[in-house]
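Participant: The letter at position 752 of the sequence shown is residue 752 when you use my numbering, and the numbering goes up by one with no holes.
Note that these hints are calculated values from the structure, not bench results. Each hint should be verified, as a subset may be incorrect.
The calculated DSS-like cross-link candidates involving lysine-lysine, where the alpha carbons are at most 30 angstroms apart (straight line), are [claimed, not checked]:
no., residue 1, residue 2
1, K84, K37
2, K315, K303
3, K321, K273
4, K1102, K315
5, K19, K84
6, K40, K4
7, K19, K37
8, K303, K1102
9, K19, K272
10, K321, K272
11, K37, K4
12, K4, K84
13, K315, K273
14, K40, K19
15, K303, K321
16, K19, K4
Small disclaimer: the values here were computed from a predicted structure and weren't measured.
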Amino acid sequence: VNLKQLSSDGSGRIFAAIKTANRNTGQPFVVLIVRDKQAKWSAYPFGAVEDLHTRPMVMIDEEHRELFMFAVSPEVGGTIYYKKSPIDNISFETGLGTPFLQSSSDTDISNPTSTKQNVNTATGLVVLASANTNAYYWHNYLSLAQEPVPPPAAPSNLTVTSPVLNPDITLELAWTDNSTNESGFGIERRTGTGAYSQIATVGAGVTSYTDTGLTPGTPYTYRVRAWNAVGYSPYSDEMSETTAQTGPVRTFAPVADAYVDSSIPNTNNGTKKELLVDASPVQQAYLKFQLAGLTGNTVTSAKLRLYVTTNGSIKGGSAAKMSNTSWGETTVTYNNRPAIDGPVLSTLGAVSTNTWYEFDVTGAVAGDGLLTLGINTTSSDGVRYASRENTGFAPQLVVTLTPGDTIPPGTNITGGPSGLVATSSASFAFSSNETGSSFDCSLDGAPFAACASPASYTGLAQGPHTFEVRAIDAVGNIDPTPAGVAWTIDTIQPATIIGSSPPPFTNSTAATFSFSSDEQNVTFACRLDAGPFAACASPVTYSSLADGVHTFQAQATDAAGNTDAGAPVVAWSVDTAPPETTITSGPDGASTSSSAAFTFSASEASSTFECVLDGTPFAACASTASYSELADGPHSFQVRATDPAGNIDPTAANRTWTIDTSTLDTTPPTVTLTAPTDGVWARGTVTLTADASDNLAVDHVDFLVNGTVVATVGAVPYSAPWDSTSVGDGLVSIAARAMDTSSNSTTSASHTVAVDNMAPQTTLNAGPNPLVNNAAATFSFSSNEAGATFQCGLDGAPLAACNSPSSPSGLGDGPHTFRVQATDPAGNADLTPATWSWRVDTTHPETTINTGPSGTVSIRLASFAFSSNETGSTFECALDGASLSLCTSPASYSALADGPHTFVVRATDPAGNVDMTAASQSWLVDPVAFTDGFESGDFSNWTSVHTAINGGATVQSDVVRTGSFAAALAAPSSTSYAYARKTLLQSEPEITVSGDFQITMEGSSGKEVPIFKLYDSSGTRMVYLYRRNDSGRVYVVYGTTTYSTSAKLPLGTWANFSVHVIAGGTGTSTIQVSMNGSLIYQTTTASLGTSGIRTIQIGNDKQLPFALYADNIVARI
1 VNLKQLSSDG SGRIFAAIKT ANRNTGQPFV VLIVRDKQAK WSAYPFGAVE DLHTRPMVMI
61 DEEHRELFMF AVSPEVGGTI YYKKSPIDNI SFETGLGTPF LQSSSDTDIS NPTSTKQNVN
121 TATGLVVLAS ANTNAYYWHN YLSLAQEPVP PPAAPSNLTV TSPVLNPDIT LELAWTDNST
181 NESGFGIERR TGTGAYSQIA TVGAGVTSYT DTGLTPGTPY TYRVRAWNAV GYSPYSDEMS
241 ETTAQTGPVR TFAPVADAYV DSSIPNTNNG TKKELLVDAS PVQQAYLKFQ LAGLTGNTVT
301 SAKLRLYVTT NGSIKGGSAA KMSNTSWGET TVTYNNRPAI DGPVLSTLGA VSTNTWYEFD
361 VTGAVAGDGL LTLGINTTSS DGVRYASREN TGFAPQLVVT LTPGDTIPPG TNITGGPSGL
421 VATSSASFAF SSNETGSSFD CSLDGAPFAA CASPASYTGL AQGPHTFEVR AIDAVGNIDP
481 TPAGVAWTID TIQPATIIGS SPPPFTNSTA ATFSFSSDEQ NVTFACRLDA GPFAACASPV
541 TYSSLADGVH TFQAQATDAA GNTDAGAPVV AWSVDTAPPE TTITSGPDGA STSSSAAFTF
601 SASEASSTFE CVLDGTPFAA CASTASYSEL ADGPHSFQVR ATDPAGNIDP TAANRTWTID
661 TSTLDTTPPT VTLTAPTDGV WARGTVTLTA DASDNLAVDH VDFLVNGTVV ATVGAVPYSA
721 PWDSTSVGDG LVSIAARAMD TSSNSTTSAS HTVAVDNMAP QTTLNAGPNP LVNNAAATFS
781 FSSNEAGATF QCGLDGAPLA ACNSPSSPSG LGDGPHTFRV QATDPAGNAD LTPATWSWRV
841 DTTHPETTIN TGPSGTVSIR LASFAFSSNE TGSTFECALD GASLSLCTSP ASYSALADGP
901 HTFVVRATDP AGNVDMTAAS QSWLVDPVAF TDGFESGDFS NWTSVHTAIN GGATVQSDVV
961 RTGSFAAALA APSSTSYAYA RKTLLQSEPE ITVSGDFQIT MEGSSGKEVP IFKLYDSSGT
1021 RMVYLYRRND SGRVYVVYGT TTYSTSAKLP LGTWANFSVH VIAGGTGTST IQVSMNGSLI
1081 YQTTTASLGT SGIRTIQIGN DKQLPFALYA DNIVARI
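Just need the whole structure built from these sequences, with the hints factored in.
Facilitator: Quick look at the structure:
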């Protein structure tokens, strides 16, 4: 081994020149192995066995990224040859290489060695060698300071053609080499319009390549370029070709073949030119094929063609499919041979030398992948077939096909969004023109992935999106032109902006609005007041508006259909009616005062006022006007209101009075509060009323609550409303105060009034449970206010006076609601009456047994599932007349006695009603788990029947033990079998299996004919009873124990056998075997586990000759 490593090599590679142990022509003998940083070794052949290289050595030109490898040939000494390769794309030409140290006078040059320093332009490359004959050294050197090597020229004249053989999966390339300095060629390929990728490299001077494993009916394009240590050439011209549709015949050569020989068990025969097949010594042949281009087509036939060389035979052997495909051509031996474990596909009789023969292996070929076939024989007259190393006579696998469907399906999108949409989710429905197609989908250019229609997506981002879907038909053809759709998501609502609008109050019956949006290409809908939205454009004008409050709303909708849900609302009032002005207090008629004060109001809130005294012009004034130092004599006062809309009262209110200060009035008026009366309850709006008089004139009356004026009345009648909620609940003092025109006043006696504006609360204290079986109910209730009265109602009926407790009766089944409302002494009623809901159910439930044993059963277990017609019911169960007790479904019972049994169950619904007619079910426990006397004339009572090759399993009437029919099972050869199996309902820990048997044919001496085989639920054989051919004795087998009984069963004689098994665990299980009623074997220390027997077998599942009759098979538990 000669090792080198570059300290500057970031990949951390190690290069080693080694010799192998190969000795066969064509095999690598000297190789360069390279270890990468993952500790993985790769091998590159330097010379073959026939080149006789030895003493290999590797040197590396770090500067130019090249390596040189030297070796002596022949092995006894002669010439030192070298080959070089780019370090990053290692390959060596075939042959001896270029001579480096060679002498005509000394033919024993050997043992090359080299300098230790780094090799570069400055140091050059030096090789020393010793001469075995003359005992002195030879040397040579190679300058690395060469002229720059140009990259190779581009290859030309690229052709791509379909071969005669397998043109559906193979294309052949050829080109012209226009360089002398290339290190090799790289072949690149693309499929359809896809991207190029390199698929292979070939060495320098090679001008052809065969590309196989392609897809039928598919266009491919190729290009080739040369490379050397400097770089790559330009590409050749591009050439395209389409593979043929799958042809009717495909021929495959083996990728490996070998034979094994029992006389040389550790020897590999994988490189021999013949495949030997014999029975003595045992010689078996193996062939491995890599199948391609079959999937999607129907295999009509498959023939393995082999050429007989020097040895014919009376038997050509049998071919079978093998499950093992991992054996190696150069490693398989007799001792590590894989089993030829598949069924025999075909067998050849006598074969002659120098002749082709065919094995029919159609049953082994289904589709693409590795296929291994094995050839063996039962004849000691061996045969020799040509192997794949035998040029011109190599094995062939010829497969005839019926071409499958190669037409791709079409894809249609039948539903889904497009254009501009206002939702962040999308659902696409799609279909194909081929029934049974599957689909791949792609959203926004993502890789295609399996999907189904409809394909739905949620949470998609704002903006543009694309969706594509392609169909894949049942044989794998893919639609090359997926169906696609593009759409844009816009879920953002536009904003509506109001530009101009009328003022909040106006006396104009017309209104104009302008509006806009923050988005382009929007439309608008407008509505006035509560009318419907209608399309509109800015500005919009409304006329002939009625007096009152009006609203306007403009709503923008963008191109995606998003509508402004929060569009602004403009409200304004139209008022064309002038207000009415009223003087509420002030002098009227005669007055002795030189001053005057007037209060006044308007019929419209927020009105302003203008006043005039004694004919002066109107001027703004507040809601009161006071004047002083007025002259004696007549005066006049006028006031007019202007409402918020600008309307002016055309009929101003006025007062006239005459002042005479010569007479002073000191007599106060009289006043009495007439309502509310003393001691009453008050709530809501209360009317305050008073009577007042004066010797001259009453100016006004004030009403006072707790000393605060709450209303002033200037004229008869002296009455005003008062909102009692303006004070808290409780006692208040109310009085009236009168003032005459001379400012004399009197206050009435006060009345105490109890204000109560708080509604009482009603509480239901007791009532029935949510679900009852009683048609009557009693409710008790109360209020948080003393003295409250109550009104009750049932099931939506009007409320009527009631007292606590209240007991409605005669209620029907179903839901009910009771309602009660308290009213306090002030007359406040509870606005949220108390309610109580419940359900009356007086109907008895019905009980149903859904599943459970009935009739006659063999098992001593029972499980019953049951239900009620009323959800939430509970159950009581009883078995065989016992008392009923609580239970749940399913109810299970075990260890039941043989004989009749009865199960009873009854339901109680959530209301407590009990099913008066309990459900019951009766059954009979009979321990016979299985019995078959074959009187049905077939195997219909058995779980499965199995035969192979020419084995047989029938029910016949010629030979019977009792009745009219019995089973006949036979396997006439060592490659056939026949057996029947019965799987019981469950594993039986204790079971007795019996039956009548007559054996009429046996195989070779020392083999056996099975009577019974008993298996557990996992398929493990627990007990095996058989007759041995050489002695006729009956044997019992369990685990690793085989026991020979003294009992014998002669051929052609009926006998009854009984096997009793108790699976009691390891070392504690029991087996008892009887023949014709006599115990022939017994043990209580067997190890059978505890699961028990589940499956019974008659006949033989091994490939051994036998024939027997069976009758009256019974399994008792």
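Participant: Please flag the earlier hints that this structure goes against, numbers listed from lowest up.
Facilitator: none
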